[in-house]
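A.B. asks: Residues in the sequence shown are numbered consecutively from 28, following our numbering.
Any given hint could be a false lead.
Said to hold, decoys possible - Pairs of lysine to aspartate or glutamate residues, derived as EDC-like cross-links and limited to a Cα-Cα distance of at most 16 Å, are as follows:
hint, residue 1, residue 2
1, K75, E118
2, K33, E47
3, K90, E46
4, K90, E47
5, K75, E47
6, K90, E55
7, K87, E118
8, K75, E55
9, K87, E46
10, K65, E118
11, K95, E118
Hints were generated in silico from the structure; no laboratory data involved.
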Amino acid sequence: MITQRKRSSKPDWQIAIAEERIAILFNEAKKRAPTDQKLAQRYVQLAKRIGMRYNVSIPKHLKRQACKYCCSLLPLVQHRVKKGVVVVVCEQCHKTNRYR
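Construct the complete structure from the given sequences, taking the supplied hints into account.
C.D. replies: Below you can see the structure in the form of structure tokens.
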């Protein structure tokens, strides 16, 4: 019988650094978005990748600021509410993002 190897989780200090870095990258993306949209999009992609690598979930208030499909920052002023669901349309890829 083949035994499965148990994967060890990342140390707590690495997880704390990853969470801090995700917040920093989202703040930098917000600062850069008006002048350089590509750089802001890259910062969001990096934040998502760090979250996947260290198995850290991105906080809800940050996750709702970025498009799920193209990683560009969403306009926070243009949204609709339908049956308790917030609907935001991305300006870059024109896909709809729905949040409860």
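A.B. asks: The structure should be examined with respect to each hint, and the outcome stated for every one.
C.D. replies: Right, here's what the structure says about each hint:
The straight-line distance between the Cα atoms of K75 and E118 is roughly 20 Å, outside the 16 Å bound, and the hint therefore fails. The straight-line distance between the Cα atoms of K33 and E47 is roughly 27 Å, outside the 16 Å bound, and the hint therefore fails. Distance restraint check for K90 and E46: the Cα-Cα separation of roughly 13 Å lies within the 16 Å cut-off, and the hinted pair is therefore satisfied. Restraint check: the Cα-Cα separation between K90 and E47 comes to about 15 Å, which is no more than 16 Å; the hinted pair holds.
Our distance criterion of 16 Å between C-alpha atoms is met by K75 and E47, whose separation comes to about 13 Å. Of the supplied pair hints, the one linking K90 and E55 holds, its CA atoms being roughly 15 Å apart against a limit of 16 Å. The suggested pairing of K87 with E118 is violated, with an alpha-carbon distance near 21 Å, which exceeds 16 Å. A distance of roughly 14 Å separates the Cα atoms of K75 and E55; the hinted pair therefore holds under the 16 Å criterion.
Straight-line distance between C-alpha atoms of K87 and E46 comes to about 13 Å, which keeps the hinted pair within the 16 Å bound. Distance hint between K65 and E118 is fulfilled; the C-alpha atoms sit about 13 Å from each other, no more than 16 Å. The hinted pair formed by K95 and E118 meets the criterion: a straight-line CA distance of about 13 Å does not exceed 16 Å.
When the structure is compared with the earlier hints, violations turn up for hints 1, 2 and 7 and for no others.
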